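Engineer: Chain by chain, the residues run as shown.
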Amino acid sequence: MSQVITDKHGIQHYMITINVNGDDYTRVVKANTLLVNVLRDELDLTGTKKGCELGDCGSCTILLENKPVDSCMILAIEADGKKITTIEGIAESSELDKVQEAFINNGAIQCGYCTPGMIISAKALLTRNPHPNEKEVREAIAGNLCRCTGFVNIVKAVLKVSEETNDKEVISNE
Amino acid sequence: MSKDYAVIGKNVPKIDGREKATGAAKYAGDLKFPNMLFGKILTSPHAHAKILSIDTSEAEKLPGVKAVITHKDVPALKYGISPARWDENIFCIDKVRFVGDKVAAVACIDEETCYKALKLIKVEYEVLPAVLDALHAMDEGAPQVHDEYPRNINTEIHQNFGDLDKAMAEAHYIRKDYFVGQRTYQSPIEPHSAVSIWKDNKLTIYSSTQSPHYFQYYIAREFGLKMGDVRIIKPFVGGGFGGKLEPTGLEFAGSVLSKLTGRPVRTFYDRHEMFAHNRGRHKVYMELTTGVDKEGKILGVHANFVSDGGAYTSLGVATSYYAGGLLTLTYEFENYKFDMIRVYTNLPACGAQRGHGAPQPKYAFESHLDNIAKDLGIDPLEIRLRNARQPNTVTINDFGINSCELTACLEKAADISGWREKKGNLPKGRGIGIATGSFVSGAGYPIYRNDLPQSAAMIKVHEDGTAATLYTGAVDIGQGSDTALCQMAAEAMGYRYENMKIIAADTETTPHDFGAYSSRQTLMSGSACKQAGEEIKKQILDIASTIMSLPPDDLDCRLGIIFSKSRPTAKTITFEEAARRFFVLRGPLLGRGVYHVPRLGGTFKGAAVATSPAYSFCAQISEVQIDEETGEVDVCEVWDVHDCGQVINPMQLHGQVHGALYMGVGEAIWEEVLFDDQGKILNPNLGGYMLPTALDMPIVHSELVESYEPAGPWGVKEVGEGATNPTMGCFNNAIYDAMGVRIDSLPLTYEKVWRAMKEKREGKKEV
Ligand code: FES
Ligand code: FES
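Heads up: the sequence lines are chains U and H, in that order.
Just so we're aligned, residue 1 is where the first sequence starts under full-length UniProt numbering, counting upward by one.
Just so we're aligned, residue 1 is where the second sequence starts under full-length UniProt numbering, counting upward by one.
Chain H extracted, bound-state conformation (with noise of 0.2 Å):
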C-alpha cells in the first residue's frame, strides 16, 4: 500500500486464529441439537437404470429408524442452480443417471442405524445402456441421459467476434493443436454436513455453504416457502473452491425428513459420497488453431471445444463461457471465435472449481502458444510480452479492463526466476517454462436473473463504543474474508481492527450478500462494508464536532482517536467517548453499506459471463527436473507474480496464491476422478486421489507488482483463483524445456511423460 493507511495493507491476525487454532472453531458437522437425528441418503448403483419400484417396509420395521422417504414424500419440482437448466430432482423420479444419483433417504438415532436402514430399502432397476463418453454423447442412437435435451447436448457456444476467416488469411503462420483435460475434484477436507431445523412452518438450515442467500432463494422456491421464512446459516467452513455454492441432497432430504419427524436432522456426506455428488472440474477437450504475424503476434484464434458436463447442469451452462470467454483476457487479439458444446454423460455432475471454466482450457492455450513461440523461434517470454494485455483497453468480447500490470508481472517473474539466464542453459532433465493468467474480481451478474444489490453490508456500534460489530453476508470458507472486511470497515470508520467483530453469515440476521465465489468478496463485499464504515465514521465526526466544539469538516478519526486537521496540537478525544454520547443523545450508532455492479458486458448472446469489474493478471514461472528413466516430474521451483490491486492483508493474499498454486500443482500432476467402465468412480478417497502432500509441494515464491484498480475499494482486486490458471500450462511447458516432449493431456503424469519420452526416442511422435 503506498498511502499511509492505519489498519489496511497489515498483517493482523486472523480474525478467527484462536478459536481454529484451539479447536473451539464449529463446523456444521460438529453441531449438535437435543433430541437430534441423523439422516443419510441412499444413492444408485447404477450409472443409467429405470427406477421399477422401491420397497421401504422392512427399513421402517428397523427400530431406532424416524422416518423413510421416496420421491413421494418431496415435490417433484426441478431444481439447479443454473437457472436455465433446471434439471435435478431431490430423489429420482423415473430414472437414475449416474452411479450416485439420489434415491431415497433415512432419518434415524445415529449413524450406524443410518447405514443398517439403507441396506433394507430395495430398489429394483431395469439397468439401461449408459454414456459414458462425452466426445460419443452426442452420436445417433446415443443413450439419452434427459429426455428433454436431445442428443445430450446441454450447452450449445457459439460465438464470433471480430472477422477469423480474414484474420487467418493474413497469417504469416497458423498452428492447430488437441489438448485434452481431465476431471478434478475440489476435496475440501471438510466434508459437506447439514442440519436442517422443521419447526412451525418456518425452516433453519446450518449447512457447510459458500453462499447463503443462494441456499435460502433455491431452498424456499422449492419447498414454495417464502425466502424470509427460510434461515440459512453458515457456521465455520472447511473450504469450498467452489464445490459448496449450490444447495444438495443434504439440505433438501434433510428438511424434508425434519419436517416429517418434527426433530432436527443432521445429514452428511462421507468421502466417498462427495466425491460423487461431485460439481468438480469439467474434462475438456479442446481445439485451438492461432494465427500470428511474422513477429508472433497473436491475430485470431478459433477455440472449439467439447466437455463432459455429467448427469445434471449444476453451473456447467457458466463454466462453459468462462471456458472460452476469458481466452481473451491475457491476450491482445481482435478476431475470435468460441464453439463450444457441454454433453450431459451418466456421470457425476461437474460443476464450478477454482478458477472456474479457466484453468484447462489455460493449459491448452499456454502449451499452444509455447508451440508457436518454438515454431517461430522465439523465446516463450518474448512471445508473451508481445502479446499481452495492456491497462485500459476493452477484449474483442466486451470486458472492459481497467487496471494491468500483466507485462510488468512477466518481467519481474523472470528477473526474480533468472528466467533469461537459465533460458536454454540449463542442463538435460532440468527445464523453466512460463504462463500467464487472469480472473475475475467477481462475476458482473448474479447466478439467477434480480435486481439485488451484490452485496450490503451494515455496522453496528457498542453503546459505549469500546466495539464495532460488523455484519455482513460475506462468506468465510477460509480465504480469510470475515479478517479482510473487518480492516477495510475499520479503516472507513477510523476505527481499531482489534475492537471489530463480525457477524456472518446468517440470512435472518446479517445483510444480502451472493456469497463466496468468483472471486468476488474483497472488491464487492469490501465496497459495502467500506461504505458502512463511513457512514460510521460521519456519523461520529457529527457529534465529535459538537463535544469539541470544532466544524466536522476539520475532524478525522483514526485508530480510534478523534483530531482535528488543521489544528494538530487541539485536544483530541476518543472515539469511544464520541460513540457513547451519540447513543445517549440519539440512539444506536449504526453504518449502512451496499455494492452495486455497474452495467457490463456486450449484447451479444452470453456476454453477461466472465464480466466483471476488474480483472486481476499473473505470471508464473516454474523450473522441474524430469527423471529420464521414471519420467517422474520434480516442481523445483514456482515463481508467482500477481497484479492483484492494493493489498489489504499482505500475509492472507500470499496464503491465496499458495492455495491457488497448490491446486494448480494437483491438478497438473497427480489429480484426476477415474471410473470403470460401469461408471463407478474408481478412486472415491483420498488415498486414490492424489491431492499433493507437504512432500509434493515445490518451494513457492509469490511476490506482487505494484497496481492500483480504480473500480475496487482502496484499489483492490481478484487474488483467490487467478494463480490456478497458469499452473499446468505452466508446467508443461517446463516439462517440454526439459526433455522436448509435449503433453497433450491432463494430468502430466510419469507415465505421459516417460511414454512421450519413449516415443520420441524411438522417432515415433514429432511435436
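In isolation and in its complexed conformation, chain U is listed as follows (with noise of 0.2 Å):
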C-alpha cells in the first residue's frame, strides 16, 4: 500500500510509484487525482490527450499493464507500482513504431488529437491478434472517437500494419 501523508489540513496524500515507460517515477497525489492529470501535469507527458474526462472519448488511452484503459477513469492511487506506456513510450528507440509510421503514411492522422489514443489502442490489437480482420479493427478503437478521419484511414493504417508484419516477426516477438 502507498503511504499517507496527513497535510496541515487533515487531508491525505498518497506517495506512489508508476513505472511510466520503462521509468520510475514517485509521486505524491491525493485520493481524487486522475492517473491522466499525474501524467500531462506532473509528468509533463502531454501527448495523453483530454477530451471528456469521462471515459466517452479514448483521447487518454493508455496501456496499463500491457492494456488500452481510459486514464481519465483511474485515480493515480489505483495504478500505484504498475506498469504504463504513454504514446510518448510506444516506439522502443527513436525509430517510430510501426502502426505511428502506418498512421502518417496513410492519412489516418488529421487534427492528430485523438491520435495518441487511437496509436495506444491500435497497438494494443496489433500485440494480441497481429492480423486483425476489419471488423476486429473497429471494436479495437470504437472506444476511441475521432472527429476529423471518418475512420477510413484508420482503419486502412492498422491492416496495413497486419499486412506488413510476417509471422516470423510475430513469433520472435513473443
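Read the hints as simulated data drawn from the structure, not as lab findings.
Keep in mind that this is a model prediction, so the values were computed, not measured.
You may find that some hints are simply not true.
As the list claims (entries may be wrong) - With a Cα cut of at most 16 Å, we get these calculated EDC-like pairs of lysine to aspartate or glutamate: (1) U:K135 - H:D696; (2) H:K72 - H:D55; (3) H:K538 - H:D553; (4) U:K30 - H:E112; (5) U:K30 - H:D553; (6) H:K122 - H:D147; (7) H:K32 - U:D41; (8) U:K30 - H:D554; (9) H:K752 - H:E629.
Make the complex out of the two chains shown on their own, each in a separate frame, by following the hints.
Structural biologist: Written out as C-alpha cells, the structure is:
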C-alpha cells in the first residue's frame, strides 16, 4: 500500500510509484487525483490527451499493464506499482513504431488530437492479434472517437500494419 | 493532375505527422508557463433570469483564489462575430439568456480550486419565462430575449428572383413539403482552451482558434487595444468544424484575469461547457414549394424557413443567408423566392458548422426533389441529370460558376455504385438513394467589412539554401493546410517539399490571412503561397543566370535543380548554390504573395453572402438496409464523387471527403442536442450525444472527376465541407427506396423509421 501523508488541513496524500515508459516515478497525489492528470501535469507527458474526462472519447488511452485503458477513469492511487506506456513510450527507440508510421503514411492523422489514444488502442490490438480483420480493428478502436477522419484511413493504416507484419516477426516478438 | 508537376498532386507525408503521431504536438491545453494560473467561468443555471445580485466575497476568501471577476470588472462593450448584430457581453449585466450564459470567472492556483471557488460565488436570480420553441418565439406576448429585437427576430430575409408566380402558373406540377432539421454540435475532440498573458499593456493569447485574425480584431476592439498590441498564436488545433471561429469567454475572461493577476492564465471548457457554448448547427424549419414541367425540369422554387438561433447571433446572419443562397447552386432554375427568419430563443447560440447553413436545406430539397420525381414517375438520377448545373453559368442569385462537372459526378456515381442495375431491383428492406451537393471555395467577402486582402504569405529561404520557411496566417486545424500550402510553395519555387518548414499562424510573425472557414485556404491562401514561391523563383533564376552565364528566361528550376530549358545537356546548378550566392550578394531571399478576391455578386440585400471565386460540386449515392422489426438503419455503402478541381494532395483530399461525410452520417442518423423543458441540455457529453464510432461508419468510396477551376491556383477548389451537404438527403432517399416511408425530420432515427413503417402499415399516412 502506498504511504499516506496527512497535510496541515487534514487532507491525506498518497505516495505512489508508477513505472512510465520504463522509468519509475514517485509522486505524492491526492485520493481523487486522476492518472491522466499525473501523466500530463506532473510528468509533462501531454501526448496523452483529454477530450471528455468521462471515459467517452478515448483520447486519454494508455497501456496499463499492457492493456488499453482510459486514463481519465483511473485514480492515480490505483496505478501505484503498475507499468504504464504512453504515446511517448510506444516506440522502442527513437525510430517510430510501425503503427505510428502507418498512421502517417496512410492519412490516418488529421488534427491529431485522437491520434495518441488511437495508436495506443491499435497497438494493443496488434500485440494480442497481429492479423485482425476489419471488424476486429473497428471493434478495437470503437472506444476512440475521431471527429476528423471518419475512421476510413485509420482502419486502413491498422490493416496495413497487419499486412506488413510477417508471422516470423510475430513469433519472435512474443 | 494532368500536367507533370514535381510536388503538387502527390501524397507527400503530412508535415506535422511525426509530431502528432509521437504525442509531441502541443495543443493550447497542453501549454504551461511559469507561474501560470487556471481560470474558469461561472455560468447561468437558468434559461432566462434577471441577475439581482452577485456576491463573490466567499470565493475571494478561499485560499488559492487569485481573482474573481464579474461584469463590473470588464468592458461593457457588446461583441459578436457578425458585425450587424453585436449582442454579447463578456459577462451578463442585467440578465442571463440561456443555461450556460457567462456570469463570472475565477483565476486560481489549480483546477480543483477553480471548481471550489465557482461554487462559492452567490448569484441571486429572478427567473423569467423563457422562449424555448423557435416557432413560438415571434408570438405576441412571448418573452423577449433581447429588448432591442422585437418579437425575437434576429435576422429576416426576403429575396425574390425572376418571377415565381408566373413560373408556378406555368408549372405542370407543383409540390409543397415540410421538413425539420435538428440542433447538432461540431464536437471537435479537442476542447477549447486558451492561455492569456497580459503584460505591459500587451496581450498575447495562445488559443485553439480557426482564425487568429478575427480573434485579434475582435479582442483588440473589446479592450480598446491597438491590433498591433494583441498577439494571437495558434498552436496545434484539435479540430474546429466552425466552432472555433470566434473568440469565446475563455479569451475575454482569461485576458482580464491575466491583467489583474499579472500572471498567465489558462482557461478551458470541459465537454459539458463546450456544448453550452455551442455555435453548432441551427435547427431549421423548412417549407419548400417547387413547380416543375412535365419532364421534371424545375421552373421555380419557394424556400420558406424559420431557424432557431439561440440566445446570440454568433455567425447566424451569414448562416441564414447561406441556408437559402446555396440552394440555387446544384440545380438550374430561374425563379426563386427565399424567405427566412432566424429567431432568438433562450438556448445556446448557433453558428457555423461544416457546410455552413447548407446541409439541412439540402436534406429538405433532396428529399423534396425525390418526392417530385416519384409523383412524376421519373428516376431520381434522371431528374437530377435534367436539372444539373452546367459550367460557365450564373445562378439566379448572381453567383458566377466557372468549372462545374456535376453531370459527370452524377454519371460516375451511378456507374461505380451500380445505380442503374440496383434501382428498383433491390430486395425489400434494401434501398439506394442519391443526392447532390455544392459549396463555396472561400467566402467572397470577409466577416466584418474591410479591404484587407484575403490572404498573404511570405517565404524566407535559409541563407545556405538548404531550407525554406513559409510564413502564413492560414490555419491548419487538421485539414492539412500546412502540408498542402508547403507543397504549393515548393512547386512554385522549383524546390523540394522535404526542405520546407512552416510557421502558421501567429499574428506577430506571419502575414495576414482570414483563417480556416468557408473552405477557403487551398484556393485563397494557396494563391498567395504560389505567388510568394514564384517571386522566390524569379530571384533565384536571376542570380543563377549570372552564375551560369545564361539568360534568366532560358532557366527553370525543378526540385532544387536549376537548368537550361533550351540546352538540356548544359551544366546545372543547385538551388542551394544560387540561394547562397543570393544571400552573399543581395541579402535575405524573400518571396511575398497576396490574394484579393475580385468583386463578386449582385447588388440586392445580402448579395455578398455565399459569393465565392469558385464552387465545388458533388454527387452521393448510398445503399441502406432497414430492419423491418426495429427500424434500424444500416448504411452499407456510400459513393461520393467530387468535382474539386485539381488536386494538391490526393490522400488529404479524400481524407476531407471522409471526414465531411462522417459528419453527415452522424447528423443524418444519430446526432441531436436535446433539451429539457427548462432549457437544460440533456446530453452534453459524448456518451449521450452520439458521434458515430468506427463500428457505425459505412464503407466509403471517394472518387473524383477531371476538372479545372480557372479561379484557383493550378485549378484547385473546395473539398472540406461539400461532402457533408448531400449525405442526410441521400440517406433519406435510400430509406424511402427501401421502405416507401419518408422521414420528414432529422435525425433519421431508428424510432422514426419504425414509426413511419408502422403508420404506413396501418394506412395512416400517405407520402
Ligand atoms: S478524456 Fe478520457 S475518455 Fe475522454
Ligand atoms: S484526427 Fe482529429 S479527432 Fe481524429
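Engineer: Indicate, hint by hint, whether the structure satisfies it.
Structural biologist: Hint-by-hint comparison with the structure:
1. U:K135 - H:D696: holds (11 Å)
2. H:K72 - H:D55: holds (12 Å)
3. H:K538 - H:D553: Cα-Cα ~9 Å, so holds.
4. U:K30 - H:E112: Given pair K30 of chain U, E112 of chain H holds - Cα atoms ~11 Å apart, limit 16 Å.
5. U:K30 - H:D553: violated (71 Å)
6. H:K122 - H:D147: Cα-Cα ~26 Å, so violated.
7. H:K32 - U:D41: Given that 16 Å is the threshold and the Cα spacing comes to 9 Å, the pair holds.
8. U:K30 - H:D554: Roughly 72 Å between the alpha carbons, so the hint for K30 of chain U and D554 of chain H is violated.
9. H:K752 - H:E629: holds (13 Å)
In summary, the numbered hints that this structure violates are 5, 6 and 8.
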